[in-house]
Amino acid sequence: MIGEEVIFLLQVLFSGILLGGIYALMALGLTLIFGVTRVLNLAHGHFVAVAGILSYYLFFFGINPFLIVSILVLFFFIAGLLFEKILIEPVAKRSHPEIGFILVTLGAAFFIQDVTSFLAGPEDKGIPLIIHSVNIAGIIMPPTHMIGFLTIFGITIILSLFLSKSYTGKSIRAITQNRLAAALIGLNIPRISAITFAIGILFAALGGFFYTLLYSISPGAGIPMALRALCIIVLGGLGSIAGALIGSIILGVSELIVSLYFGPRWSLTVAFLLLIIILIVRPKGLLGRE
Amino acid sequence: MNDLIFAGLKQFLALASMLAILGLIPFLEITYLIVFLIWLLVYIIIAESYNIIGGYMGYINLGHGIFFGIGLYAFAISYVKGIPLLLSIAVAAIAAVTTAALISYPLFRLKGAYFSLAAFALLWVMEAVITNLEWLTGGPRGLRIPTGYNLIPAYYALFCLAILIILLNYKILHSRLGLALVAIRDDEDVAKASGIATFKYKFQALIISALFPGLAGGIYAWYGTYVYPAFAFGIENALGPLVGAWLGGSGTILGPVLGVFILMIVEEVLWTHMAYLHLAVYGMIIILVGLFMPGGLIRSKPLRYLIIKLKLGSILHETP
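Protein sequences appear in the order of chains A and B.
Under my numbering, read the first sequence as residues 1 to 290, first letter to last.
Under my numbering, read the second sequence as residues 1 to 320, first letter to last.
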């Protein structure tokens, strides 16, 4: 059979890619939102955390995971729409909205974090879904990991098809590429902005669900998540979706390796170091276009 | 119009008497009040120094609080190791300024919200690093600094520092540096194309804005005798002054002071009624400012109206 070190390496790699996949969901949401609305949603990570905590409570009310995901999809799609309509749209109408965007999303982030912490408690929460592990060629693979991996893979494929084939998806790409031109050809930018926000928040929520499934989450994890998303986006290149995917995998694997050898408390520093390194070495990111 | 200035004898006398009152407060011997004012002064120093980067230059440095935290810890570590008082305070300032110099190269490659988020990340990273380097910093339990009771001297030191930073804000605004910063804020690409050495000015601005919180951190550590990571780099202390700056009006000379003042009063009231949800209140304030008053209170029409009605119109002042 395969040597033990190789198996260990493969296991680490696989776990890292899985973690990267979870981060990818979150980062893709952020990239989509930024591409269309030019808002870097500082509250993005908090939606990840809230979704995770919500999943935790739903799970302990006995609701099965597939139903949880459906509830999350509905709830956070609507949440994204409302968020955009109430907080983003009024600011977007100004001539210099950037400062307003930062203020509004930052304020929302703090508000969400504190209210969640108040209601649910600041401790870590994880969903213990225990199914018997499967042994493939010496690699122990928990079914939750496999299901997570396949689901995330599937979601990414769906997103890619959505963006390339559907009218809304193509509108999103058009607005991302050239806002003025998109408006000139008659695309309804406010409507697409709202939908994009909804999709982006939805993806963050899904990321939160899987993260809580595999690890644990707390209200205070919002900012670290947002930092990871930023690291991924800068690493992959501002405005590039493929870059976000690659960046996620790099971050996921790096974080896992560092956690294994140096301890989990250094995992956030990994993200930040990667950010600094890519800024110094190649500020446009690996696949950046802007 | 969006600022206040005290030109003219009447206003100058009013200002001088306000400062004299603040200077004489310690003689009242109401410790609670002095402690409150010390905190207020620290917040003013942090908010006004943030104003240079966030207000004049338009780079919303959410991580501005790290300079205060670094000042706290640099002073604590060096004093505990036996370095004399004044030298330790110098160490605090140098540490803060050096950090600013080091992070400016990578950080200024980012713009807008990316910059803000990365700067914010610095807070978390510093907190993690300080917490994990236990042999140096005492870890999550913090460091005790054996300096004795220094309430009054600390008060006066911070008082002078606060006045300095406010005057510096005025000086910068009317200097070449200030002109460059405002140009960068208005349109960085045009500024660069017009021949302004943007990185040089960004660097200078960050250094200057780091110096004062660093010093304030050193002085406060001297008075407070105890530092721990959540205090030095936690969100409340790191962002409180910034919320004050936004509330009052960043980019003006006195806006941050006004905002910090109002914020601290609100906070004092909150503390006595609500043990929780302070961050949520901060968040709500930030949202409301962002939605309705992005220029802050000092730029608001009602305030301007009030000043004119009170026949104090001559203190109104144009700032870019």
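Worth double-checking, as some hints may not be accurate.
As the list claims (entries may be wrong) - From the structure, some residues in chain B lie toward chain A, with a derived Cβ separation under 8 Å: (1) Ser104; (2) Cys160; (3) Val190; (4) Leu279; (5) Tyr282.
To be verified - Distance condition first, Cα-Cα at most 20 Å in a straight line; then the derived SDA-like pairs of lysine to any residue: (6) B:Lys111 / A:Leu184; (7) B:Lys111 / A:Leu287; (8) A:Lys93 / B:Pro294; (9) A:Lys284 / B:Asp189; (10) A:Lys85 / B:Leu291; (11) A:Lys93 / B:Leu291; (12) A:Lys93 / A:Ile155; (13) B:Lys202 / A:Met146; (14) B:Lys200 / A:Pro65; (15) A:Lys284 / B:Glu134; (16) A:Lys284 / B:Thr198; (17) B:Lys111 / A:Ala92; (18) A:Lys284 / B:Phe199; (19) B:Lys192 / A:Leu273; (20) B:Lys111 / A:Lys85; (21) A:Lys85 / B:Pro294; (22) A:Lys93 / B:Ser194; (23) A:Lys85 / B:Met284; (24) B:Lys202 / A:Lys85; (25) A:Lys284 / B:Leu110; (26) B:Lys111 / A:Ala183; (27) B:Lys111 / A:Val281; (28) A:Lys85 / B:Leu288; (29) B:Lys111 / A:Pro283; (30) A:Lys284 / B:Pro106; (31) A:Lys93 / A:Leu184; (32) A:Lys284 / B:Lys192; (33) B:Lys111 / A:Ile280; (34) B:Lys192 / A:Pro283.
Since the hints were made in silico from the structure, they are not lab data.
The beta-carbon is built from N, C-alpha and C at its ideal position, and this holds for glycine as well.
Exercise for review: Check each numbered hint from earlier against the structure, then list the numbers of those it violates in ascending order.
Suggested key: Violated: hints 1, 2, 3, 6, 12, 13, 14, 15, 19, 20, 22, 24 and 26.
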